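There are 2 protein chains.
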Amino acid sequence: MRYRHPDRDQIRVDGVLSALGHPVRLAAVRVLDGGGEHNCGSVLAELGITAKSTMTHHWRVLRDSGVIIQEPSGRENLLTLRRADLDARYPGLLDAVLAGARTDEDGDRSPGASPS
Amino acid sequence: MRYRHPDRDQIRVDGVLSALGHPVRLAAVRVLDGGGEHNCGSVLAELGITAKSTMTHHWRVLRDSGVIIQEPSGRENLLTLRRADLDARYPGLLDAVLAGARTDEDGDRSPGASPS
Numbered sequence: 001m002r003y004r005h006p007d008r009d010q011i012r013v014d015g016v017l018s019a020l021g022h023p024v025r026l027a028a029v030r031v032l033d034g035g036g037e038h039n040c041g042s043v044l045a046e047l048g049i050t051a052k053s054t055m056t057h058h059w060r061v062l063r064d065s066g067v068i069i070q071e072p073s074g075r076e077n078l079l080t081l082r083r084a085d086l087d088a089r090y091p092g093l094l095d096a097v098l099a100g101a102r103t104d105e106d107g108d109r110s111p112g113a114s115p116s
Numbered sequence: 001m002r003y004r005h006p007d008r009d010q011i012r013v014d015g016v017l018s019a020l021g022h023p024v025r026l027a028a029v030r031v032l033d034g035g036g037e038h039n040c041g042s043v044l045a046e047l048g049i050t051a052k053s054t055m056t057h058h059w060r061v062l063r064d065s066g067v068i069i070q071e072p073s074g075r076e077n078l079l080t081l082r083r084a085d086l087d088a089r090y091p092g093l094l095d096a097v098l099a100g101a102r103t104d105e106d107g108d109r110s111p112g113a114s115p116s
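Residue numbers (full-length UniProt numbering), protein chains in the order written: chain B, 1 to 116; chain S, 1 to 116.
Heads up, some of the hints might be wrong.
Here chain B is said to cover these stretches of chain S; the calculated rule only asks that three of the stretch's residues, wherever they fall, bring their Cβ under 8 Å from a Cβ of chain B [as the list claims (entries may be wrong)]:
hint, stretch
1, 9 to 19
2, 22 to 35
3, 92 to 99
Honestly, the hints are just simulated from the structure, not real lab data.
All values reported here derive from a predicted model rather than from experimental measurement.
All residues carry an ideal CB built from backbone N, CA and C; glycine is no exception.
Work the whole structure out from these sequences, hints included.
Next up, the structure:
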């Protein structure tokens, strides 16, 4: 099954923000940004998520908003972050978001942070 | 009535992205970023929105995520974009988002754009 993806100039910033504005989707994007070849299973494994069905919705949101490419490859779905498209259309946005996720994470880990 | 607002170090990037990832809230933030003193009524007027009740929800989302300060001032609620807090915690994020909104808008207005 082939999925539909928006062209670069069809991407909308509110859609991208909404897609990235969910902790699980943001975590998945961070995995994809970390490099290496990924499919749905490998991202789930890295996130420690076992509920594959929930992720089906998240992949769709990320795909429809233009954040990732999801394409069949053998019996799996290859996932790719659309960094070049996002960087071209919204310079600095993805980097600021990923840096922000690290800021939050570092705050959670600092000695003064309250347990989550 | 006084509203609760998160401290700067309680702000989370996924909450900010989710708050900004809605066309009406993003438009409201652009109005606030444009400068001048604003209350709920003046933003609604600028956006051409008459459904005040819907905006009550949107103001809460923007407030709870740390994007705006909403405080009583006489019989009105004064609204302020928390630019200093957002810029300090997530450098470049708000500027990239606002630039992205302009990119989308310019694309909608270009001769080759399909009518929305």
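Failing hints, ascending? When the structure is compared with the hints, none of them turns out to be violated.
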